[in-house]
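Put chain B on the given structure of chain A with help from the hints.
Listed in order, the protein sequences are those of chains A and B. Under the working numbering, the first residue of the first sequence is numbered 1, with each subsequent residue one higher. Under the working numbering, the first residue of the second sequence is numbered 1, with each subsequent residue one higher.
Calculated directly from the structure, the hints in this document are not laboratory data. Only true hints are included.
Taking lysine-lysine pairs in the BS3-like style, the calculated list, with each CA pair at most 25 Å apart, reads:
#1 B:Lys55 to A:Lys14
#2 B:Lys99 to A:Lys144
#3 B:Lys731 to B:Lys677
#4 A:Lys90 to B:Lys40
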Amino acid sequence: MEKKRKEGVRSGKKKKIKLSVNGIGYELEIGDKPGEVDYGHTLAHTLRETLNLTGTKVACDHGACGCCTVLMDGKAVLSCMTLTVECDGKNITTIEGLKDNKTGALDPIQQAFIEHSAFQCGYCTPGIIMSAKALLMENPSPSKEEIKEALSGNFCRCISNYQAIDAVITASNRGR
Amino acid sequence: MKSFSHYNPKSVEEAVQVLSTYDGKAKPNAGGTDLLGILKEKSLPEYPEAIVNLKTIEGLSYIKEEEDFIAIGSLTKLSEIAGSQMVREKISLLADAAKEVATPQIRNMATVGGNLAQDVRCWYYRYPHHLGGRIVCLRKGGTLCNALSGDNRYHSIFGVAPMEKYPCAEGCPAKTDIPFYMSYIKEGKIDEAGEIMMKYNPIPAITGRVCPIFCEPKCNRKSFDEPLAIRCVERYLGDQLLENKEKFYRKPCKENGRSVAIVGSGPAGLTAAYYLRKKGYSVVVYEKLKNAGGMLYNTIPSYRLPKPVVKRQIEALEEMGIKFKTGVEVGVDIRLEELSDRYNAVFLAAGAWKERKMGIEGEGFAISGLSFLMSKEELAGDIKGKKVAVIGGGNVAVDVARTLLRMGATPSVLYRRTKGEMPAFEEETRKALEEGVEFSFLTLPKAIKKVDGKLELSCVKMRLSGKDESGRPRPVPVKGSEFTMLFDFVIKATGEEPEWEIIPGEIKRDIRKEPSGAYKLEGNLFIGGDFANGPSTVIEASASGRAAFTLIDKWIRGDREDFIDEMVKQRPNTSIFVDIPRVSIPEIPPSERIKVLEGEETPDVGWNEIKKEAERCFNCGCLAVNPSDMAVALIALDGEIVTTKKRVRAEELFTDSGLGKVLLDPDEIIKEIRIPKPKAGSHQRFLKFTLRKPVDFAIASVATSLVIKDGLCVDARIVLGSLAPVPLRAKKAEELLIGKPIDESIASVAASLALSDAKPLGMNAYKVEIGKTLVKRSIFA
Chain A
1 MEKKRKEGVR SGKKKKIKLS VNGIGYELEI GDKPGEVDYG HTLAHTLRET LNLTGTKVAC
61 DHGACGCCTV LMDGKAVLSC MTLTVECDGK NITTIEGLKD NKTGALDPIQ QAFIEHSAFQ
121 CGYCTPGIIM SAKALLMENP SPSKEEIKEA LSGNFCRCIS NYQAIDAVIT ASNRGR
Chain B
1 MKSFSHYNPK SVEEAVQVLS TYDGKAKPNA GGTDLLGILK EKSLPEYPEA IVNLKTIEGL
61 SYIKEEEDFI AIGSLTKLSE IAGSQMVREK ISLLADAAKE VATPQIRNMA TVGGNLAQDV
121 RCWYYRYPHH LGGRIVCLRK GGTLCNALSG DNRYHSIFGV APMEKYPCAE GCPAKTDIPF
181 YMSYIKEGKI DEAGEIMMKY NPIPAITGRV CPIFCEPKCN RKSFDEPLAI RCVERYLGDQ
241 LLENKEKFYR KPCKENGRSV AIVGSGPAGL TAAYYLRKKG YSVVVYEKLK NAGGMLYNTI
301 PSYRLPKPVV KRQIEALEEM GIKFKTGVEV GVDIRLEELS DRYNAVFLAA GAWKERKMGI
361 EGEGFAISGL SFLMSKEELA GDIKGKKVAV IGGGNVAVDV ARTLLRMGAT PSVLYRRTKG
421 EMPAFEEETR KALEEGVEFS FLTLPKAIKK VDGKLELSCV KMRLSGKDES GRPRPVPVKG
481 SEFTMLFDFV IKATGEEPEW EIIPGEIKRD IRKEPSGAYK LEGNLFIGGD FANGPSTVIE
541 ASASGRAAFT LIDKWIRGDR EDFIDEMVKQ RPNTSIFVDI PRVSIPEIPP SERIKVLEGE
601 ETPDVGWNEI KKEAERCFNC GCLAVNPSDM AVALIALDGE IVTTKKRVRA EELFTDSGLG
661 KVLLDPDEII KEIRIPKPKA GSHQRFLKFT LRKPVDFAIA SVATSLVIKD GLCVDARIVL
721 GSLAPVPLRA KKAEELLIGK PIDESIASVA ASLALSDAKP LGMNAYKVEI GKTLVKRSIF
781 A
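Bound-form chain A, shown alone:
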């Protein structure tokens, strides 16, 4: 199969995948050259290394910490445990895609996180905000318990969890 793949490359019929990130369509060629997507690349890798969207963080790289959380078709998923080649036709939203493109205003969740100082080092914050975004899109007025549940897959070593929950409550109230 390896051979077949290389022949494919040589004959110029490169496989491509199409995906949309933050509303922008990308057509990425599959291969092992710079700018291409290898079969072994995770979505987190592609976002950060190929598309330069470094807002998505990779901490554990094993699906345990939630730092790499992005939205795929509106659902919070772990980009470190997703193969990019399996994202053909998907709509991805990362932390860079939350601000209002026209006004440049931050998403209400981002704004609330700042107001509540809901982070210290900030490394886990993009992941937490993406989880919160998925929650509020599905459930604009969550209870505190529902917020805790939705953020339970995101870990913060600086113990800003309490502020994060308050921030999400604030954001949901503003959305009402």
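Below, chain B alone, put in the same frame as chain A:
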């Protein structure tokens, strides 16, 4: 991650087709949350060549309510199951279990099929390759389950997933299930241990003394400290069997009216006789010598195998109703054709007694090794203080030399190759050397001459060059190295072969295939043991005797059930780890040893030591637990799993199917799960204990599904998760609840029963209490 080929099949058929072309080297990817971890860590020795993405298959993500069951497509996300109103109302247990899996993000990615098919979560098994190299555990083809003696906090408290094949048993020519009988000895159950032993080897008192132990070098414990002293335990067990012969060598309950004659009473003959008699055949054993036992009684020296042991063995067999006709030589005293006519079958197990000729001048001056061993008493007076040459390098040569030493002679072994090529057991050669037997290696006698009442041996030195047809180094003479030596006696032991002359007519000798084989000749003649295969070991000849029994029995009865399938006992899968050294069997010093000709040189070992030694058996298996929460729930709900190859009850898919065997074939995909609709009065509960609520795998989980009717429990299924290699039904607890009202006290008793068979290891006893608490709360909270 290393790269791989990647496929996006559109249909189940296409996915299966791709998987099957890769012959196990492609992995399906349902959600990826398990697979990608394994790929990143490179923890498995084989990295997949291709990934087959199942997410592109349409129509496998659904939750459907059928008339009497609920069907869920295998690609349905756990978040969808947890969030489904219908699932929550009808089978809340499944929704709860789905909700307990990992984190919201993972539940958005993970599928129910993937959850059921995920790999074990043992941190030895999953140790990352980039941190000093992967750990090769038993599950990955290694020799040890590291959790047994190491960190087993997260491992099974209900024993191991057994191996498909045990290296010790595979090493044994008789394939004796060593871990099985050891597990009974651990528990002090000699009778049960004996029963297992007798299924493979009915003469363990003998093999326990003279076996060159094919098993011990294969014992996995050797990579921890030293192999188990299997022969020592076997000998003890064998002696116990003979001591209680009325129990173990019982007459058959029913005669089957058929008869078999056995020619030869060595290990092959005795073994075949035992199994045939046990099945109700009338068995007559013909032995040309005065004493039954073949080489066991007549040539193996007493210091290795005491005559009383062989006698007791023969007596035990006699009491089963086997007749021994000694001093009757087939072909001389009775014709083979006559036996053929008189019996339904004849088994020729006459051994290999014909000594090979050296083909040298003056060979007639040499005494044959076997006849020396048989009639040494007659020579006792002459040989004391004499110098004796022993020609040969096999067991007979070494037996002769060591016997000579005990008779006060000075033996000198002449062998044409070196010590490394000697066919004699290493242990025997070592003892001979310790005792002072002189060895002249690379020495070939060319002629024997009588000179002044002594024997002059003309020899030539050899060197090894190339290989002969048997693959051994070929000895070639060194030019000009001829020399002579003077001896009082010369004994030759240069190999034996079967006396084929017993068989009249045309049946020819090129039958030798494998040492433990037995074969059918023309008519009702069968051959086995050394007679068929040439000189081998006692256990090989015995195994061949058992093979002959199977062959003869099948031939007489016609093709029906196989013998070995009689095994009914469930193999105990408990493992314990004891850090005690191998039993040390005191050896008598060589200078004392050579004073005794008849006494056994290896002393008996007591019961305490034997039991301790048996406890050293690892009962090899994998202690990892299946991590799937959905499996525990599905089994409690008595759900079914539909794959591309079968439709099975979940309970049947998750069985201790043996290490190496996985739940699904490499090209098999789960398509659907089906859960029967619960009856009225259904009480369902799923409880999971983890160290950190989100993300972590269960330390213990319990899924309980009860049906309460008129205040009484009429049906109960209680399944323990992460406590055993696979989800385990607490059947004793279930039985207790049936027919009773559910209250707190009965829940407590059920909880204790559920965990009563637990055999925790060094670091996981804490799981017992957690398990009990979860069971109790799942029944009554």
